[in-house]
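6 protein chains.
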Amino acid sequence: MKLLFANPNTSEQITERIRTVAEAAAAPGTKIVAVTAKAGVQYIATRAEAVIGATSALELLAEHSSGCDAAVIAAFGDPGLGGARELTTIPVIGLAEAGLMAAQMLGRRYSIVSFSSKLGPWYRECVEYHGLLGRLVSIRLLETPFNDVTAVQSEKESLLVGLCEAAAGDGADVVVLAGAPLAGLAQKIADRLSIPVIDCVHAAVHLAEALARMKVKLKRIPPKVPVNLSPALTNFFRGDGST
Amino acid sequence: MKLLFANPNTSEQITERIRTVAEAAAAPGTKIVAVTAKAGVQYIATRAEAVIGATSALELLAEHSSGCDAAVIAAFGDPGLGGARELTTIPVIGLAEAGLMAAQMLGRRYSIVSFSSKLGPWYRECVEYHGLLGRLVSIRLLETPFNDVTAVQSEKESLLVGLCEAAAGDGADVVVLAGAPLAGLAQKIADRLSIPVIDCVHAAVHLAEALARMKVKLKRIPPKVPVNLSPALTNFFRGDGST
Amino acid sequence: MKLLFANPNTSEQITERIRTVAEAAAAPGTKIVAVTAKAGVQYIATRAEAVIGATSALELLAEHSSGCDAAVIAAFGDPGLGGARELTTIPVIGLAEAGLMAAQMLGRRYSIVSFSSKLGPWYRECVEYHGLLGRLVSIRLLETPFNDVTAVQSEKESLLVGLCEAAAGDGADVVVLAGAPLAGLAQKIADRLSIPVIDCVHAAVHLAEALARMKVKLKRIPPKVPVNLSPALTNFFRGDGST
Amino acid sequence: MKLLFANPNTSEQITERIRTVAEAAAAPGTKIVAVTAKAGVQYIATRAEAVIGATSALELLAEHSSGCDAAVIAAFGDPGLGGARELTTIPVIGLAEAGLMAAQMLGRRYSIVSFSSKLGPWYRECVEYHGLLGRLVSIRLLETPFNDVTAVQSEKESLLVGLCEAAAGDGADVVVLAGAPLAGLAQKIADRLSIPVIDCVHAAVHLAEALARMKVKLKRIPPKVPVNLSPALTNFFRGDGST
Amino acid sequence: MKLLFANPNTSEQITERIRTVAEAAAAPGTKIVAVTAKAGVQYIATRAEAVIGATSALELLAEHSSGCDAAVIAAFGDPGLGGARELTTIPVIGLAEAGLMAAQMLGRRYSIVSFSSKLGPWYRECVEYHGLLGRLVSIRLLETPFNDVTAVQSEKESLLVGLCEAAAGDGADVVVLAGAPLAGLAQKIADRLSIPVIDCVHAAVHLAEALARMKVKLKRIPPKVPVNLSPALTNFFRGDGST
Amino acid sequence: MKLLFANPNTSEQITERIRTVAEAAAAPGTKIVAVTAKAGVQYIATRAEAVIGATSALELLAEHSSGCDAAVIAAFGDPGLGGARELTTIPVIGLAEAGLMAAQMLGRRYSIVSFSSKLGPWYRECVEYHGLLGRLVSIRLLETPFNDVTAVQSEKESLLVGLCEAAAGDGADVVVLAGAPLAGLAQKIADRLSIPVIDCVHAAVHLAEALARMKVKLKRIPPKVPVNLSPALTNFFRGDGST
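Chains as they are written, first to last, in my numbering: chain Z, 20 to 262; chain U, 20 to 262; chain P, 20 to 262; chain D, 20 to 262; chain V, 20 to 262; chain X, 20 to 262.
Source of the hints: derived by calculation from the structure; they are not laboratory data. From a predicted model like this one, the values you see are computed outputs, not experimental measurements. Any given hint could turn out to be false.
One copy or two, either will do: identical chains are not told apart, so a pair holds if it fits within one copy or between any two.
Mimicking SDA-like on lysine to any residue, the simulated pairs with C-alpha atoms at most 20 Å apart in a straight line are [what the hints assert, rightly or not]:
| hint | residue 1 | residue 2 |
| --- | --- | --- |
| 1 | K137 | L212 |
| 2 | K175 | V244 |
| 3 | K21 | A46 |
| 4 | K57 | N247 |
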């Protein structure tokens, strides 16, 4: 099986982290293809940046999804997810969606923990988009600045553990570590927590594998001819060589 | 990997259908253990019957979950799911939950199709319990009686296809075939439908495998000593030899 | 009039408290029948325990509801309520339902106060089940352990008064004292509170009387023959000698 | 016990019907005081008319609630209910509230049936105000005109029966006959219906009795001195001789 | 253009403040007519007072709306708004509605700040009535008493600034200063705030102008003949000389 | 005043229609700048197309918003709205938002009417995004194909009138004609309808004027340096010469 992880951020380092964690988690025989947006920002934190990220996500799927069995939009917030699902016949899930779905299946009420208070509005909007607000308890975010987003999980490890416990105190019975920069952290801290903790990349790998194995016959929207898009994206909308 | 399918109905024939469909769907190396409730009704259709089914589901988990990697409460409506999840440290999902979660990850708004109008209130309540009402479009149910619940999927195949298309007309972009008696039907009719169709047993197999592979450290509630329950159930609450 | 209070907990002492408070509250001529679950736990605090309690509640109704004018499932959380209502033609209400309904009719937005933080998730789920989350302000629970559940209301009286006032500060204009172990406390503390306080057993007695007096012709679901249930429960499902 | 039925409509005939039905339903020893608005419209059907009705309801309570044990705002839609509850220390319920609460306690999902399509928006708004929209299935209203609102229940009896059955088909398991002009009809048609039917006046009598018997210590808002209101209403706001 | 500001409070001083702020904000050529309720309370703070205010609002519209292009119910809480809109064919908006709508169009999630904790329940109910609760973050209210409602904005200016910043901390990205007594304050404090702040009177002026310019053909409900209302209100219901 | 209408579709003809209708509606002295997306599709009908449209909308604002007093994203569905609002300090509203807000201020419950059933899912998602689902009654769409989107309003005029009346039958008291291709139709058909009808371009012109006149001090998110975006968009994110 081949899974595409399309990182709509422009940070290659974050793509590498996703790839490393995904490969370690994947079933034997699952190949991980991890690709990075060519345009946009290092790390999407706002709705404006997510607009750009959504187009980047479609670009990446247009270029790389052929031959893949499922795809993951590999940024919490899932930019472009609704559109991506309309253009291809392989399953596409979002990193946030994967984490939230796992939380719903492993617990009853969940919290989200992440590394920057700037992410709050965008993350909440993402939960709302998925229709899952009813079981969200709280979003707990680091208030203090960090030095390097690609190393924030080790720099702030103990504070993040504290936020997870605060989420438990809020009434959550499961917590989602949100954002690709936190990929791989859940396993390290699980023993220190009173509630289960979910790694979104792990969730994405396994849920994407599961959806691919279900072999549901998906449909795409009818072909349409756009103007002035990249060749790959134009073909994607035209349904040429569509996955 | 070993997956437990705990059928809270008393019908062995439905258990056999679940087993057959689950074994055909499972990944190589996944063993399916399918067990049947000893007490209750042939096929749960109401809240009252689900009360009994919930206790049966816990009984079955108490007796058979040891050594399993994940468990499925194998009746749409998921009786006892919330309680089951509190008593064990392996992932437990419901058949309805599996179908609904797959629908949310493969489409945007979904409908449920099933074989008896008597199931409507109980099925709707189940969607509400999962907090997923916001994306439910409609529940479409056969109005005419059938001869044999274990054969209803072939007896009523063309009417069920019609209900799926009616769901598409309601605005659903994916449809869930609900209820263990419909296990295996989705594949047969997928080509005749304008929207994707989900088999709950397929969804349950693959999502249970996925959750087991995620290896999230789950917690159970503290041990408690009940009175006058079966030995297995007593041990389950006491946390003896707990999974 | 004869009212059945079916305590799905196994604690006879709690049944006695319910009986005492209910008899003191009942209208002249109302007879209280208070019965105790034979199987389960001393005091239901989790969803798993509520699964067992739900079956116990149906057992108790099956055995004792004949000749009664209305029944109360006498534990906050109302285990088995939906099923119970399907099996009988006398009104059945839950202890939580009674308290919440009284709160909605006597105030506008309400809080719940109870004696153990373990009860939080189960109590919230109960409010959600009743569709009354929109007017719930907060659930305030004692954080410190108590010695004896049957004496917790006197042991923690001043802390419970404090929680009620905290609820007022949250914006509640009425507070529900939740759980059979707190039956009878509301009257004692009412004068010390700035908002009205509701005793669930009082509410249950008077609302059950009211529903019985309304003489609405209720329907039960069609008879069905279960297997391996107790004789009383079997008859209850079969509709034999049904109330 | 003395119950005040404050009819915020100006129709004495409707007040008489309410009185007759309420007296027949009331417990032995319960006295019904039924009074009629002096200003406003014959029958409230819109939000504009409900504005006037709300002030009339407060006027009637100001004049007549002294010495009563509970009060009912005796028009479906409950004009002035929130305000009335703030000004007095006896329980006040609305006719709609009583019917809806009874429906929630006797069934799971309910419909409303009434006699004029003009009432739809106002009735729906009332359900929303009470926070009970989640369990409302449908509002079914007569489309054809009637001759006389005070005789509409006999004139349109068979059509109203049809609407109740249509509500059952919508998925309701209990139906509320809405509006004082339909008081007394439920008993006549109950045997012809497949689901239970609720008479709002019956519900109001018995729930008002229940709330009065609960003897919850209610609070009123602090006194305030209004200008240019009637003497009774002025006193009501000033808290003079307040109930 | 002529805009009617109908103040349902009896305080002429508050009407003067509204007039002053509205005239300063209005487009060239817009004439402000500001009128005061003859009956009721100085400042509406509760549901009971809003009942009276609603009738006053209709009275004021009945007397003064003729010849106006749009009307504003000039008290946060919008008493009588739904009814007012049914009786006239000019646009009518509420002061709260104007502020909330502006907040929704200028930000994503908003808080309300006002000067008295007594206003909380009534203000929240108003947001709920408008169906806008989903984007409300918090209601922040002064806890300490003030000397004079007409001067509260200067007396408590720094505390109000603090509440606005607290709202920002709650996650609001825009804040509404609620209540006619705060009219004009937003401009004074905007530079000290980290999030945008909305003046309800400004919003009402500009949105009323906008709605009037849209020239949508509005409808009123059919004429009806009420009894014992003032001549102006009687004519308003009868549709005589209706705007 | 200068208002920017940014059409995220690539159809110049639709931009011309918007310009014509907007200029006719605008206040004296208001200048309309109408610009067209350079990339994307002729007419956005799906989520995938809206992803591209969202980036186009930001592009257009980046290039043309300087010197404007407010901007409108001139396609129903409002692609990019949340992001646009973060990047500029002038008010930005969406065409759908304008229509929905006007509907909420002129009526109580509204329906949407448009010209293609393909638009349904995307339009509903837009209402949900704005948090306005609670007052939406129905979305009524033409089922039959049309020849030319730029002439669909005249080609299908009588069918569209029929849909508006169907919406009234659904319970709507106001209807929004959705989509730029229907701009200008509302005035033509208003006299034939039993409920008020809203033109989104009219609403957008007047609400944008209103928001600009309110002069609320808006904030933008902190500057950020993206890579590989167009120069205008790069500057927009960097906050250079930002409006």
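Taking 20 Å as the upper bound on the Cα-Cα distance, should K137 and L212 be classified as within, between, both, or neither?
Between. Shortest inter-copy distance 18 Å satisfies the 20 Å Cα cut-off; intra-copy 25 Å does not.
Between copies, within a copy, both or neither: which fits K21 and A46 at Cα up to 20 Å?
both (11 Å within a copy, 16 Å between copies)
Between K57 and N247, at a C-alpha cutoff of 20 Å, which is it: within one copy, between copies, both, or neither?
both (17 Å within a copy, 7 Å between copies)
20 Å Cα threshold - placement of V244 relative to K175
Neither: 47 Å inside a copy, 25 Å across copies.
Checked against the numbered hints above, the structure violates only hint 2.
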